[in-house]
Amino acid sequence: MFYDFSILTSKIHSWLLAHCDSGWTTLLEMVIVGLCVITLFVVLGLIFVYMERKVAAFMQFRLGPNRVGPKGTLQAVADTVKLLMKEGFTPQAADMFLFNLAPFIVLSVSMLALAPLPFAKGLQIYDINIGVFYLSAVSSISVIGILIAGWASNNKYSLLGAMRSGAQIVSYELSAGLSVIAIVAFTGSMSLSDIVESQRTGWWIFKGHIPAVIAFVIFIIAGTAELNRAPFDMAEAESELTGGFHTEYTGMRFAMFFLAEYVNMFVVCAIGATLFLGGWMPLHFGNLEGFNHIMDYVPPFVWFFGKTFFLVWVIMWFRWTFPRLRIDQLLTLEWKYLMPISLVNMIIVAFVVIMKWHF
Amino acid sequence: MSVSDFFFYLFSAMIIVFGILAVTTKKIFHAAVYLLFTLINVAALYFYLNYEFLAAVQIVVYVGGIVVLILFSLFLTHRISDDMLTPPWYRMLLASLLCLFGFGFSFFLMLAHRFPDISNAPVEMSVHYIGKQMLNYGNGGFVLPFEVVSILLLAALIGSIAIAFKTKAGK
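Residue numbers (numbering that gives the first Met the number 0), protein chains in the order written: chain B, 0 to 358; chain X, 0 to 170.
By construction, these hints were calculated from the structure, which means they are not laboratory data. Keep in mind that the hints are not guaranteed to be accurate.
[As the list claims (entries may be wrong)] Subject to a maximum C-alpha distance of 25 Å in a straight line, what follows is the list of computed DMTMM-like cross-link-like pairs (lysine to aspartate or glutamate): (1) B:155 x B:51; (2) B:155 x X:82; (3) B:155 x X:4.
[What the hints assert, rightly or not] Which chain X residues stay away from chain B? Per the calculated CB distances, all over 10 Å, these: (4) 1; (5) 12; (6) 14; (7) 21; (8) 41; (9) 63; (10) 83; (11) 111; (12) 135.
[Stated by the list, open to error] Derived list of chain B stretches under chain X, where covered just means 3 residues or more per stretch with a C-beta under 8 Å from a C-beta of chain X: (13) 91-104; (14) 122-135; (15) 216-227; (16) 332-345.
Ideal Cβ placement from N, Cα and C applies to all residues, glycine included.
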């Protein structure tokens, strides 16, 4: 098979093992992986800011950023430099320790969530056997960062935004988790690399019939809600809360919240692409040998990032299509519609798996 | 000291330091955050021991569940930004005596215990195995405690709904 990253990673591993003992090898590999993750963070942040502004502009029939660099591509870089030079302001009555801690918690949680994602064949930081469960465990920590930020700012808007955001994330985690369980039931494994491998013959959204499609739709809705993005942006509704939990944050600390939000969007879309759309597996149709062969020539990481960016685009599309939900509508949607549907869907999936009706 | 040992001592030291900070700090919100760090470090220790499932459960239940609940209830508390009052001296004396006794008791128990020397390879705890054991009603299975706990949880859920249920006005 082409484009196998495990050749490269095993070469680095054996080179390091030849030069130092196993403990130091692990430590050095952690440093390398950390540098790669930070680079990915920065690149993703720049791309997403530019993409968001361009997509929004085209949806509203305008041009978007077009002055800095060719077609405005350097606009995000200029914005970053601006944020770096701004004063890091701390409100006088704020709790200094917690106020400074909160952005780090939020950012490190989104960094941890990148660990089990298979980016391409053999390119995975930590192939943990509880992959999906690990992701839902780690993402539950980010609520704490938001709650701390809201409380430490000592501002009524921040506190209200944090409360709303917390309630929203905690409740939508349920249906997101239940829709993920559907795919775990189909695959019989929680490891993300096993889930990708099980889609060699076809993606779960095709193989799993209607229950998989229902699970996918619920996952995208709940994922958008967990990201606090429009139409679920009650928590930072500009017109009523001025900005939610990050009202008081300026400069680099604000940029960290911003970056974490975009990386979380990437993570949610990457999970959706991995579970339902086959991860880095190319598109294959049953017996079309020639077509399948041509698709194999496209590198796996192009497939992975293509699918992920498609889902990112879908989430950006939501933002400019649906009006914002009120808090009661938001909770009704979760507890009266999505939760019961995903519970019933889970039972149907279990039935389909037992009867072996899926391909 | 190897790198592996270093990480073990690092996690253990963090658990102890943050545990002490959680009970000595004057600000109740800070105490909750220190408790969060202690629990995350316990999870890190489970990861270190290759018990990934247990580590993830630790994070989901304690960090994502209990600490979030504590923070939410703190939000609803009156005057959380004030410093906590110092307890009277006799209460502090009794508490420290109790702590010393507990520490000494477990310390001497640990010294007296002969830890067997095990040098096998680490066991891979697959999720399949955990799931099978959880629903196994044969010898060594855990289906009875599992079901008992789920009935307890169901009772708690129904109870909380009954408390929160809005009765119609006029009835």
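Outcome of the hint check:
1. B:155 x B:51: 29 Å, violated
2. B:155 x X:82: Holds: residue 155 of chain B and residue 82 of chain X sit about 21 Å apart, inside 25 Å.
3. B:155 x X:4: Cα-Cα ~46 Å, so violated.
4. 1: Since the minimum Cβ distance to chain B is about 5 Å, residue 1 of chain X lies within 10 Å and the statement is violated.
5. 12: Its Cβ never comes within 10 Å of chain B, the nearest being 18 Å, so this holds.
6. 14: Consistent with the label, residue 14 of chain X stays out of reach of chain B, its closest Cβ about 17 Å off (over 10 Å).
7. 21: 14 Å, holds
8. 41: 13 Å, holds
9. 63: Not fine: 3 Å to the nearest Cβ puts residue 63 of chain X too close to chain B.
10. 83: The assertion about residue 83 of chain X holds, with a minimum of 15 Å to chain B.
11. 111: Nearest chain B Cβ is 32 Å from residue 111 of chain X, so the label holds.
12. 135: Residue 135 of chain X clear of chain B: closest Cβ-Cβ about 18 Å, beyond 10 Å.
13. 91-104: With 4 residues close enough to chain X, the hint holds.
14. 122-135: holds (count 6)
15. 216-227: violated (count 0)
16. 332-345: Violated: only 0 residues of the segment 332-345 of chain B have a Cβ under 8 Å from chain X.
Hint compliance for this structure: hints 1, 3, 4, 9, 15, 16 are broken, all remaining hints hold.
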